[in-house]
Amino acid sequence: MYEDSAVAVRNANGQTKSGLYSLFIPMEWNMEGFIDLYGMPVFRKPKEPVVGVDMLMIKNGAIDYWEAEVDSLKNDADALNEFYRQFPRTESHAFRDESKQSLFNLTKIYQQIDYNDSLIKEHYVTRGSFSWKDGIKDTQVIFTPDSRGRFLISWTPPKHYQNNVHLRNGIKYAGNEHIGSFGCDSYDISAVVGGRGSNGALHGMTKFHMDDAPINEFFLEYIARPQTAEIFFEEVLMACVFYGMPILIENNKPRLLYHFKNRGYRGFCMNRPDKHFSKLSKTEKELGGIPNSSEDVKQAHASAIESYIEKHVGFDLEAKYRDPEEIGTMPFIRTLEDWARFDINDRTKFDACISSGLAIMANQKHLYVPEKKESKIKINFAKYKNDGTTSQLIR
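Position one of the sequence shown corresponds to residue 1 (the numbering used here), numbered consecutively onward.
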């Protein structure tokens with residue numbers, strides 16, 4: 001309701017979508033103990049003490065007080081989150097959920113959210129849609145900025161990287177696998193009772209490489225539930241083709257995997273990285289994908305996100321001085337908020353968390369390759385030297 005009440009977004013009749021006007025007043029404008037005799041807030045520490053409305057002297061500023069409290073709570077993520085909720089300086093502070101022992105580092109996640117709030121979103125993220133060139137499928141995919149589009153992207157590959165698809169033995173493979181990968185949380189049913197259901201989610205992420213592209217950064221976010229599942233499948237396929245990158249998909253809901261295979265893109269669908277190909281089931285060999293229901297995969301998935309947050313989100317908590325340029329690069333607020341609320345025991349509501357974790361796992365597939373077991377049975381064959389007229393045993 002608050003988002004539908006933005007004063008700057010009104011129809012021809014001068015009304016917002018909700019018919020209401022939203023109003024947010026940051027805490028420093030009306031914090032008790034920091035209002036002077038004339039009703040004006042004291043933001044920063046004054047050079048000389050100021051008489052307050054309660055006739056007490058004000059020696060500190062509201063923002064200085066707030067920053068000191070935040071700094072003192074930086075090692076207690078739950079308490080810091082609660083302080084933000086009680087004393088909000090931004091809209092994202094005000095609408096935070098109550099944290100219940102979050103699995104991930106809330107401090108770093110909210111540092112990133114606060115930093116993103118300070119940016120002009122349109123300068124860093126573009127909303128748009130993918131489509132086949134001239135409407136002909138399986139040719140070239142183009143990206144078009146569109147305010148109604150379902151894709152948010154922060155990086156568009158150079159022209160020579162776009163639509164990099166290789167054809168081998170009649171199967172299409174991703175040509176930019178060395179640059180990055182996608183992760184996807186799919187769904188199979190177009191509509192559910194009551195019109196509700198989990199969204200489909202897709203995330204694109206780069207890995208370490210030596211080419212002209214970001215490194216270890218998320219560059220695409222898609223969280224939506226189009227009118228039909230087929231629209232979702234086709235949009236995911238077009239994103240993979242445009243970026244020329246493979247995708248790791250949950251195979252618990254296999255319709256998306258069949259969509260890729262039937263269109264000749266089986267080479268784009270990654271196999272589960274935690275098993276050798278010879279150990280895969282018949283269906284896994286046919287379609288690819290990873291079952292995200294086993295306990296081992298759940299733990300590996302959560303660990304992948306946790307590790308990424310520690311390395312690439314927010315500030316370095318051990319750094320004595322913080323340079324704004326050294327903060328992580330994660331421009332997608334909705335995914336950050338999903339990470340903050342993630343519950344490993346009830347994963348169905350966290351579509352963005354599932355797909356982003358699969359993208360990280362896809363880029364780090366070498367970490368999950370099982371070790372080869374050496375046989376305990378050793379057989380030594382006798383070897384002979386055949387020089388001369390009589391063979392001699394080599395010892």
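Because the hints were derived from the structure by calculation, they are not lab data. Worth double-checking, as some hints may not be accurate.
[What the hints assert, rightly or not] No more than 30 Å apart at the CA atoms, straight line, and that leaves these computed lysine-lysine pairs for DSS-like: (1) K74 <-> K159; (2) K285 <-> K137; (3) K311 <-> K298; (4) K311 <-> K172; (5) K253 <-> K298; (6) K137 <-> K59; (7) K275 <-> K261; (8) K349 <-> K275; (9) K365 <-> K385.
Quick rundown of the hints versus the structure:
1. For the suggested pair K74 and K159, the alpha carbons sit about 43 Å apart, so the restraint of at most 30 Å is broken.
2. Between K285 and K137 the alpha-carbon distance is near 26 Å, which keeps this suggested pair within the 30 Å criterion.
3. A distance of roughly 20 Å separates the Cα atoms of K311 and K298; the hinted pair therefore holds under the 30 Å criterion.
4. A C-alpha spacing of about 34 Å is found between K311 and K172, which places the hinted pair above 30 Å, so the restraint is violated.
5. Distance check on the hinted pair: K253 and K298 sit about 16 Å apart at the alpha-carbon level, within 30 Å; holds.
6. The suggested pairing of K137 with K59 is violated, with an alpha-carbon distance near 68 Å, which exceeds 30 Å.
7. Note on K275 and K261: the hinted pairing holds, with a Cα-Cα distance of about 21 Å set against a maximum of 30 Å.
8. At most 30 Å may separate the alpha-carbon atoms for a hinted pair to count; K349 and K275 meet this at roughly 28 Å.
9. For a cut-off of 30 Å, the pair hint linking K365 to K385 is broken: about 47 Å separates their Cα positions.
In the structure shown, a violation is registered for the earlier hints numbered 1, 4, 6, 9, in ascending order.
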